[in-house]
Amino acid sequence: MNQLSLQNPLFATYVIAASLMILKVVGMSWLTVYRMVRENAGFRAPEDIKKTPLNPNPNPTQLQPNERVDRIRRIQQNDLENIPFFLAAGFFYVLTEPSLLVARVLLFGYVLTRFLHFAAYLSARTHDLRATLWTPGSLIIIYMAVHSLFVALGFWT
Amino acid sequence: MNQLSLQNPLFATYVIAASLMILKVVGMSWLTVYRMVRENAGFRAPEDIKKTPLNPNPNPTQLQPNERVDRIRRIQQNDLENIPFFLAAGFFYVLTEPSLLVARVLLFGYVLTRFLHFAAYLSARTHDLRATLWTPGSLIIIYMAVHSLFVALGFWT
Amino acid sequence: MNQLSLQNPLFATYVIAASLMILKVVGMSWLTVYRMVRENAGFRAPEDIKKTPLNPNPNPTQLQPNERVDRIRRIQQNDLENIPFFLAAGFFYVLTEPSLLVARVLLFGYVLTRFLHFAAYLSARTHDLRATLWTPGSLIIIYMAVHSLFVALGFWT
Numbered sequence: 005m006n007q008l009s010l011q012n013p014l015f016a017t018y019v020i021a022a023s024l025m026i027l028k029v030v031g032m033s034w035l036t037v038y039r040m041v042r043e044n045a046g047f048r049a050p051e052d053i054k055k056t057p058l059n060p061n062p063n064p065t066q067l068q069p070n071e072r073v074d075r076i077r078r079i080q081q082n083d084l085e086n087i088p089f090f091l092a093a094g095f096f097y098v099l100t101e102p103s104l105l106v107a108r109v110l111l112f113g114y115v116l117t118r119f120l121h122f123a124a125y126l127s128a129r130t131h132d133l134r135a136t137l138w139t140p141g142s143l144i145i146i147y148m149a150v151h152s153l154f155v156a157l158g159f160w161t
Numbered sequence: 005m006n007q008l009s010l011q012n013p014l015f016a017t018y019v020i021a022a023s024l025m026i027l028k029v030v031g032m033s034w035l036t037v038y039r040m041v042r043e044n045a046g047f048r049a050p051e052d053i054k055k056t057p058l059n060p061n062p063n064p065t066q067l068q069p070n071e072r073v074d075r076i077r078r079i080q081q082n083d084l085e086n087i088p089f090f091l092a093a094g095f096f097y098v099l100t101e102p103s104l105l106v107a108r109v110l111l112f113g114y115v116l117t118r119f120l121h122f123a124a125y126l127s128a129r130t131h132d133l134r135a136t137l138w139t140p141g142s143l144i145i146i147y148m149a150v151h152s153l154f155v156a157l158g159f160w161t
Numbered sequence: 005m006n007q008l009s010l011q012n013p014l015f016a017t018y019v020i021a022a023s024l025m026i027l028k029v030v031g032m033s034w035l036t037v038y039r040m041v042r043e044n045a046g047f048r049a050p051e052d053i054k055k056t057p058l059n060p061n062p063n064p065t066q067l068q069p070n071e072r073v074d075r076i077r078r079i080q081q082n083d084l085e086n087i088p089f090f091l092a093a094g095f096f097y098v099l100t101e102p103s104l105l106v107a108r109v110l111l112f113g114y115v116l117t118r119f120l121h122f123a124a125y126l127s128a129r130t131h132d133l134r135a136t137l138w139t140p141g142s143l144i145i146i147y148m149a150v151h152s153l154f155v156a157l158g159f160w161t
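Residue numbers (my numbering), protein chains in the order written: chain A, 5 to 161; chain B, 5 to 161; chain C, 5 to 161.
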């Protein structure tokens, strides 16, 4: 069967996991916007305190750091450090034709732990819990990348 | 026809849009370099104020924030929050075999609004205009990811 | 031969280079963790100075910038500005069916210069050396993206 067909269960599994992760990261942008509007603060560009229809009463304090906005930015930064590499490593991994069961555990396990990591970060749980929820996802990326590397190297020689 | 052939108009459309966006982001690095050289400032690592052939008269003020350099860094950060997810979502989207016309509107529409967003950010237009130009691109990513997710889920069941 | 088969030497070359780069970026997260533990500092979220099993003696200074930790974060930020676009541009490039020799020079050349850039940044060499080691990789991304763009445009007309 065509490797990149969505009728291929391996590839469909990957596309489901990857699409959910894309929506998660893009959601962070919208959550940042939502919190900036609610807080009326957390802006970053000097021109953002010009008087406009969306900012009728500008104030220099709007440019100061705002913890509620910055929390979402830190979550998004963590996403940027992880999710693009999940997208690429997961793609290579499914091209190595692994077992469907293992692929589902790894790909959906990644999605699950990323959503739990988000919940823990958003609600300001301890660093210990956040680290515990970040670790499996990072190990899944490493496993998929190392597996793909060795399969590709195996055909090399 | 081979899905990933550049002779496939859907895939060629995607590669054109994606390549332009890659060049756009990488261009931000070069624009940062250009502005750092012009301003002789905006450096970030402590070792960047060592005396070298390219920095013959180092000065601790070179490490202070420089708005002209930081503006490009903010633009690039916005790219990092968006473009990698456009690249992935657009790839999945064309694999779902959408209509060529719709794909062209979405993919080239994304490219167009990102270049307009860049122009508005570079020239320090209002937050309102910048937000207006950011929004369609973000919605296009969301649409393509949701569409791919549902197509993949449809084959799942 | 199937373009995305790991038995295809072009695609295998790409997967090897891409997997190494994914492991490199993810390694920066682990190096950040390692340095945060060693320095017992460089944390960023307010809740990170709660008393926990992993942080038995919390202290507000743990939230202050720590140069040894921030150096790794700067290196990772540089990765985020480059490697996702290498992954995408390299993928498009191998789909254009370039010569295997040229592809190996570009893809492995990228990997080599990124590791040298990392070594120079980690050991705080001069900005001049770091820039010299960053430049070839950026030019390789630009070359691969421009090449893919023109091949796709060629089939367009």
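Bear in mind the hints are in silico, worked out from the structure with no lab data behind them.
All figures in this text were calculated on a predicted structure; none of them were measured in a lab.
Treat each hint with caution, since some may be false.
Repeated chains share a single entry, so a pair holds when one copy, or any two copies, can fit it.
No farther apart than 20 angstroms at their CA atoms in a straight line, the calculated lysine to aspartate or glutamate pairs in the EDC-like style are these [claimed, not checked]: (1) 54 - 132; (2) 28 - 51; (3) 54 - 101; (4) 55 - 132; (5) 55 - 74; (6) 28 - 43; (7) 54 - 71; (8) 55 - 101.
To see whether the hints hold, each was checked on the structure:
no., hint, in the structure
1, 54 - 132, "between (41 angstroms within a copy, 10 angstroms between copies)"
2, 28 - 51, "neither (29 angstroms within a copy, 23 angstroms between copies)"
3, 54 - 101, "neither (55 angstroms within a copy, 45 angstroms between copies)"
4, 55 - 132, "between (43 angstroms within a copy, 10 angstroms between copies)"
5, 55 - 74, "neither (23 angstroms within a copy, 22 angstroms between copies)"
6, 28 - 43, "neither (22 angstroms within a copy, 32 angstroms between copies)"
7, 54 - 71, "between (22 angstroms within a copy, 17 angstroms between copies)"
8, 55 - 101, "neither (56 angstroms within a copy, 45 angstroms between copies)"
Hints 2, 3, 5, 6 and 8, counting from the list given before, are not met by this structure.
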